[in-house]
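In case you want the letters, here they are:
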Amino acid sequence: MITAGVDVGAKTVKAVILKDNKIVASNIAPSDGFERKKAAEQLWDKVLEQAKLSPSDINSVIATGTGKFDVSFANNNVVEPVADVQAALWLFPSARTVIDIGAEQIRVVKFDQTGKVSNYTLNQQCGAGLGAFAESMARALGVTLDEMSRLARRSQKEISINAECGNYASLDVVTLIHNNTAKADIARAILDAIATKINATVNLTNIEKPIALIGGVARNAGIVKALKRRMGDNFLIPKDPELAGALGAALIGASETS
Amino acid sequence: MTVEYWRWPEAGGVSTGVDGSKAAIITAGVDIGAISSKAAIICDGELVAYSIMRTDADSKASAQKAMDEALRAAGLQIGDIRYIVSTGYGRANASFASKTATEIACHARGAQYMYGPTVRTVLDMGGQDTKAIKCDQYGKVVAFIMNDKCASGTGRGIETFADMVCVPIQDIGAISLEVDEEPEPVSSTCITYANSMALQLMRRAPKNKVLAAYCFSIAWRDYILLQRLAHQSGDGSVEKDLAITGGLAKNTGIVSRIERELGFKALPAEKGDPQIAGAVGAAILAAEMVTSAKSQ
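From first to last, the protein sequence lines are chains X and C. 1 is the number of the first residue of the first sequence in our numbering; add one for each residue after it. 1 is the number of the first residue of the second sequence in our numbering; add one for each residue after it.
No wet-lab data here; the hints were simulated from the structure. Remember, predicted model here, so these are calculated numbers, not experimental data. The reader is advised that the hints may include incorrect statements.
[What the hints assert, rightly or not] DSS-like mimics (lysine-lysine), calculated; alpha carbons at most 30 angstroms apart, straight line: (1) C/K250 to C/K271; (2) X/K19 to X/K116; (3) C/K265 to C/K149; (4) X/K225 to X/K37; (5) C/K250 to X/K11; (6) X/K11 to C/K265; (7) X/K225 to X/K157; (8) C/K60 to X/K46; (9) X/K157 to C/K65; (10) X/K157 to C/K60; (11) X/K38 to C/K207; (12) X/K37 to C/K60; (13) C/K207 to C/K60; (14) C/K207 to C/K271; (15) X/K157 to C/K149; (16) X/K11 to C/K209.
[Said to hold, decoys possible] Incomplete in silico selection of chain C near chain X, CB under 7 angstroms: (17) D56; (18) A57; (19) Q128; (20) R156; (21) T192; (22) K207.
[What the hints assert, rightly or not] A short list of chain C residues far from chain X (calculated; beta carbon distances all over 12 angstroms): (23) A61; (24) G127; (25) D129; (26) A205; (27) D241.
A virtual CB, placed ideally from N, CA and C, is assigned to each residue, including glycine.
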């Protein structure tokens, strides 16, 4: 049984090929904006080659993500929370809540051991674009996201900036910069604000531990550290958190086909 | 090497071709903004050189860089400048400046110089905030409103938008105008909402329509700001002539939509780049400091 999942997100496209319940190939590429249909197709060719398979070998391709309808070669699609839950359970059978933090959305989903969703919060509008906000603030500091994360480690001082609204937070950062605040302290303040926002979203949901943390933003060590400071240490984070959506979609494909 | 769609080209040091080296009064203005730092050098009333650089985490260095680039383009040294005025968020960090001035005052003066003496309304579309300014025939500020709360971060937000839609930021305006029929605008309340709605719109609309809807929402918000200024300070009609300044003034998609809603065109910048109006105004104020000191 070979299935695949393709997750077309706001910034990146991810693909995972699952053979007999094992990941045999996976990859990630930029979504490329309006060219995301082509980006998905090119990524698909790449993972097939990685796995040394041809399209006819695949029993089912399931798409997910904001661009799920742009996956021309998909057999079906699933909504993101469903894919998130499937992945979380597969990765961590004890998990009962999954937090997916992407470029544009935060999703918090509570589920039982069968994967049935009991509670779900989606942060749009004021919480939208957390990943994008992190990148925007890195640009404001003139560094990459990874550099910002490393900078924050050197912070000597905790500074509070607005965590309600990205625009207000951005203005706070501008003020800090022009007040000649140490770059490391600004970096830390940004990560703390992001963690506070995530925590606030989680608090809107009636969650149950253990919590799995997935999505591209979960790869940022600085944000994860800031999140642990607020919410305690018990997060289950996979090796490749950004691939979880595609993995979940591939798992759905496997369960549908069998 | 990934393309950085959000990165608008820095102007570096730009010479206007005027030789200011033998001028009697040489002054400069620096505008250290949220996203860009600008410098302008004026010699005996002529704009000689300017620069537009990205502001980064080091405010002092950003100010210095902008000044150095303008000096290089003008073929001058810092010692040749008689008086320097600084403005913008980072005005205190231009250590080489003798005085600071508010952005409002500088944009009004700068706009009159660059766009023409008939300017009575200035719309400054900046990186972090938007300002609508009413001025008199001398370029003195009569009234202003700042849109910094929910309308903050427009310049910052459009960088994020460019990054998301993978369209070079300097092309967004032109592509947005390639529509036969104007779509509904996305949310005008907040640039974060607008970005989020634009992402959803990508599912069912092509590039030109999504960009059009996005630019329309920004233009609409700024049109409302101008109306509010007009109501607060006058009879409710936006006083001509209008000058649009700031980095976003270079987005033809936004500007033409503002003009459409107003029913008249804004003046084009006769001298310099729309983004340097604050720095130019500061340089003009600096020249006035010199002249008034002399006459005492």
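To see whether the hints hold, each was checked on the structure:
Only pairs whose Cα atoms come within 30 angstroms are accepted, and C/K250 paired with C/K271 is accepted, the gap being roughly 14 angstroms. A C-alpha spacing of about 24 angstroms is found between X/K19 and X/K116, which places the hinted pair at or below 30 angstroms, so the restraint holds. The suggested pairing of C/K265 with C/K149 holds, with an alpha-carbon distance near 27 angstroms, which does not exceed 30 angstroms. The hinted pair formed by X/K225 and X/K37 fails the criterion: a straight-line CA distance of about 35 angstroms is larger than 30 angstroms.
For the given pair, C/K250 sits about 26 angstroms from X/K11 by alpha-carbon distance, which is consistent with the 30 angstroms threshold. Distance restraint check for X/K11 and C/K265: the Cα-Cα separation of roughly 37 angstroms exceeds the 30 angstroms cut-off, and the hinted pair is therefore not satisfied. Pair hint X/K225 plus X/K157 holds up; C-alpha atoms about 16 angstroms apart against a cutoff of 30 angstroms. Taking the CA atoms of C/K60 and X/K46, the gap is about 47 angstroms. The hint is violated against a cut of 30 angstroms.
Between X/K157 and C/K65, the direct Cα distance comes to roughly 28 angstroms. Compliance with the 30 angstroms bound is thereby established for this hinted pair. For the hint pairing X/K157 with C/K60, the CA-to-CA distance comes to about 21 angstroms; that is within 30 angstroms, so the pair holds. Annotation: proposed proximity of X/K38 to C/K207 holds, straight-line Cα distance about 15 angstroms (limit 30 angstroms). At most 30 angstroms may separate the alpha-carbon atoms for a hinted pair to count; X/K37 and C/K60 exceed this at roughly 45 angstroms.
Restraint check: the Cα-Cα separation between C/K207 and C/K60 comes to about 39 angstroms, which exceeds 30 angstroms; the hinted pair is violated. Proximity of C/K207 to C/K271 is assessed by CA-CA distance (about 33 angstroms); at most 30 angstroms being required, the pair is judged violated. Only pairs whose Cα atoms come within 30 angstroms are accepted, and X/K157 paired with C/K149 is accepted, the gap being roughly 27 angstroms. About 20 angstroms separates the Cα atoms of X/K11 and C/K209, which keeps this hinted pair within 30 angstroms; it holds.
Below 7 angstroms, beta-carbon pairs count as interface contacts, and C/D56 has one with chain X at about 3 angstroms; its hint therefore holds. At about 4 angstroms, the closest approach between the beta carbon of C/A57 and any beta carbon in chain X falls short of 7 angstroms, and the interface hint on this residue holds. Annotation: C/Q128 was flagged as interfacial toward chain X, and the flag holds, the nearest CB pair being 6 angstroms apart, inside 7 angstroms. Taking 7 angstroms as the C-beta cut-off, the interface hint given for C/R156 holds, the closest approach to chain X being about 6 angstroms.
For the restraint placing C/T192 at the interface with chain X, the shortest Cβ-Cβ distance is roughly 5 angstroms, inside the 7 angstroms limit, so the hint holds. The restraint placing C/K207 at the interface with chain X holds, with a minimum CB-CB distance near 5 angstroms, inside the 7 angstroms limit. The Cβ of C/A61 does not lie farther than 12 angstroms from every Cβ of chain X; its closest approach is about 10 angstroms, which violates its non-interface assignment. For C/G127, the non-interface assignment is contradicted: its Cβ lies about 8 angstroms from the closest Cβ of chain X, within the 12 angstroms cut-off.
The beta carbon of C/D129 is not kept farther than 12 angstroms from every beta carbon of chain X, the shortest such distance being approximately 8 angstroms. With a cut of 12 angstroms on Cβ distances, C/A205 falls inside the contact zone with chain X, its closest approach being about 10 angstroms. Look at C/D241: its CB is around 31 angstroms from the nearest CB on chain X, clear of 12 angstroms, so calling it non-interface holds up.
Comparing the model with each numbered hint stated earlier shows that hints 4, 6, 8, 12, 13, 14, 23, 24, 25, 26 do not hold.
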